[in-house]
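Protein chains in written order, with the working numbering: chain Y, 2 to 243; chain A, 2 to 243.
Rather than coming from a laboratory, the hints here were simulated on the basis of the structure. These numbers were taken from a predicted model, which means no experiment stands behind them. You may find that some hints are simply not true.
You can't tell identical chains apart in this list, so a pair holds if it fits in one copy or across any two.
[What the hints assert, rightly or not] Here are the simulated DSS-like pairs of lysine-lysine, each with C-alpha atoms no more than 30 Å apart in a straight line:
1) K32 / K211
2) K140 / K32
3) K81 / K211
4) K153 / K5
Spelled out, the chains give:
Number of protein chains: 2
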Amino acid sequence: MVGKSQIKFIRSLQLKKYRKLNGLFVAEGVKLVNELLQAELTSEGVFTTHPELLPPQFSSFEVIGEADLKRMSGLKTPNKVLAVFRIPETTEPVLEEWTLALDGVKDPGNLGTIIRLCDWFGIPQIVCSEDTVDCFNPKVLQATMGSIARVKIAYTALEPLLTDSEHSTFGADMHGENIYELEFPSKGILVMGNEAHGISDEVGVLLDKKVSIPQFGQSSVESLNVATATAILLNELRREGR
Amino acid sequence: MVGKSQIKFIRSLQLKKYRKLNGLFVAEGVKLVNELLQAELTSEGVFTTHPELLPPQFSSFEVIGEADLKRMSGLKTPNKVLAVFRIPETTEPVLEEWTLALDGVKDPGNLGTIIRLCDWFGIPQIVCSEDTVDCFNPKVLQATMGSIARVKIAYTALEPLLTDSEHSTFGADMHGENIYELEFPSKGILVMGNEAHGISDEVGVLLDKKVSIPQFGQSSVESLNVATATAILLNELRREGR
């Protein structure tokens, strides 16, 4: 039996303010919750209308009715399982390999897609500027399809990171060098900018090289979506490094 | 002055059924409407709260109030300009170059992003299976950022297209050949499948080659989003063909 105040508390975690305040976030849906449980994130409560969908070794959950799930959920159509997890502590970024840095990415779907891409391409870590959308935003979590459990994400100012890095720093920019005509090193930092404004001036001046994806045909399209541009650039890094 | 029945008619075009019935679709937002006007699509009515935002040579519009725009609009926050356009007649697909074929892509955001990608990479034409989401769906139009004006889109069964093609046919498939280890020809058809189920069996048997994007690291991510996978594959086609 879940109480009214508990339901209200869980619903409050839809907002970044309350996530920060409590150090907790909410994940919904069987696949996402299972991935997070398996990644050994600390769960502070698992609620389900269908207990048979949880991992068999997992015994600590509460069976609730559809109506209560609907009251807890941030989704129009709640998806059988909802869990509250502790936000993992972030450690200082370690630049052992390629790192992706995001400078003010705002759209939750874009960030979620980018996290999923990093998981696919074996990029272990994303460093986000403080004004990038919160990765524990429910829409980000949905779009990651569970990859949030495997990619480390830190929020910090990008300037010190880029200044201190011993590795080369690259940034996606419409007027950058053609990616087909350069060779990426085996380590480095790749910066992707905001959906409307690209990379900020403060970060731009700290880049070793700006790179661009060539445009073909008669198109007057102004830019690529940041998630699709990230897809193309990570593929370029990896195809060369193999 | 717009009447109540006109407003209701325009709002009905949010639904595919009424778009088909009337051969009309609605576009919203300054940028999108301007792109469509410049692409010489036939407009059947342009409504705006801010006439100064329309192209200066364009004189045929109706100035309306915020309240009426809100009643016409499918957006939560209407965006100053709304126009009704005639759906262009689709011609038979001509396979003069690389063609992208979509087999049951369902998500409007994905289709819109894919149209924008084709515009960027100079792919002149997309052929969609009948069960692919309607490209005049308002959410698709928004995601194209105006590229819908420059890429031809036909809806037809994919089987005859693939059977009759003299060019090689490729399809994205998790178990396909590594894209880094093959060379794409200068013409062909690339097929992308449904978000959850991939390419259908009926289409799969007609492919000359299945191709896959290599996965790196320890990831257990099952697949890439169809729009990001399309981004990577179109980039691969173009980087080789240049």
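Hint by hint, here is what the structure shows:
| no. | hint | verdict |
| --- | --- | --- |
| 1 | K32 / K211 | between (38 Å within a copy, 27 Å between copies) |
| 2 | K140 / K32 | both (15 Å within a copy, 26 Å between copies) |
| 3 | K81 / K211 | neither (45 Å within a copy, 36 Å between copies) |
| 4 | K153 / K5 | neither (34 Å within a copy, 54 Å between copies) |
The structure shown violates the earlier hints numbered 3 and 4.
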